[in-house]
Amino acid sequence: SAVISQKPSRDICQRGTSLTIQCQVDSQVTMMFWYRQQPGQSLTLIATANQGSEATYESGFVIDKFPISRPNLTFSTLTVSNMSPEDSSIYLCSVEEPAGGSGNTIYFGEGSWLTVV
Amino acid sequence: DQQVKQNSPSLSVQEGRISILNCDYTNSMFDYFLWYKKYPAEGPTFLISISSIKDKNEDGRFTVFLNKSAKHLSLHIVPSQPGDSAVYFCAARQDTGGTSYGKLTFGQGTILTVHP
Chain L
368 SAVISQKPSR DICQRGTSLT IQCQVDSQVT MMFWYRQQPG QSLTLIATAN
418 QGSEATYESG FVIDKFPISR PNLTFSTLTV SNMSPEDSSI YLCSVEEPAG
468 GSGNTIYFGE GSWLTVV
Chain A
285 DQQVKQNSPS LSVQEGRISI LNCDYTNSMF DYFLWYKKYP AEGPTFLISI
335 SSIKDKNEDG RFTVFLNKSA KHLSLHIVPS QPGDSAVYFC AARQDTGGTS
385 YGKLTFGQGT ILTVHP
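So the sequence lines, in the order shown, correspond to chains L and A.
For the first sequence, the working numbering begins at 368 and goes up steadily by one.
For the second sequence, the working numbering begins at 285 and goes up steadily by one.
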């Protein structure tokens, strides 16, 4: 499977500031996905990032709050803008890879654990 | 609308015994199901998956069963080991093509504790 690296692994952020999370993959992938896991909750998809096009956001997530870049096939960034304590979450980068058989598989990075104070 | 449900928040099992984790779904358009294991503050680790055209998939100690008519799947871990203690997430995918391919809907997770 692809090796997915995220930076930072964790950070404590001040309310009202913005933070950019980086995701680096060791192979070229067409689609990258950004998920969020709030404390005690399940994982929720924020957006899908394709290289060379605008990211596609899920219901409840907007570009102004979570701008995404996808400059090439191995890298993406997610910015969490104007942070509030409700943004305290683990943010996860994921990629899709062929798993053989009848489907692809989604692999995840280690996550970026943000705490907003 | 919770399309993927894991109704058991936690499960406790003795080492060496079988662990059975359950997952129900409501969306009949889901065509691919995955199980992930997750430790706190880490990313999920892929365990095993199953296509909707199959009813069983096995990989070492892990077996996933799919009952499409009941919209139910389960993950069996045999034998259970203390290192299996983690949160287990069931996830489902609906292949609608384009950018939706690979979008996963997750259950709430089940905390598995395997006692020595």
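Rather than coming from a laboratory, the hints here were simulated on the basis of the structure.
Here a beta-carbon is modelled for each residue, glycine too, at the ideal position from N, C-alpha and C.
Where hints are given, some of them may not hold.
Unchecked claim - Computed from the model, here is a short list of chain A residues facing chain L with C-beta under 10 Å:
id	residue
1	Met-313
2	Tyr-316
3	Phe-349
4	Lys-352
5	Ala-354
6	Phe-373
7	Leu-388
8	Thr-389
query: Which of the listed hints are broken here?
result: Hints 1, 3, 4 and 5 contradicted; others consistent.
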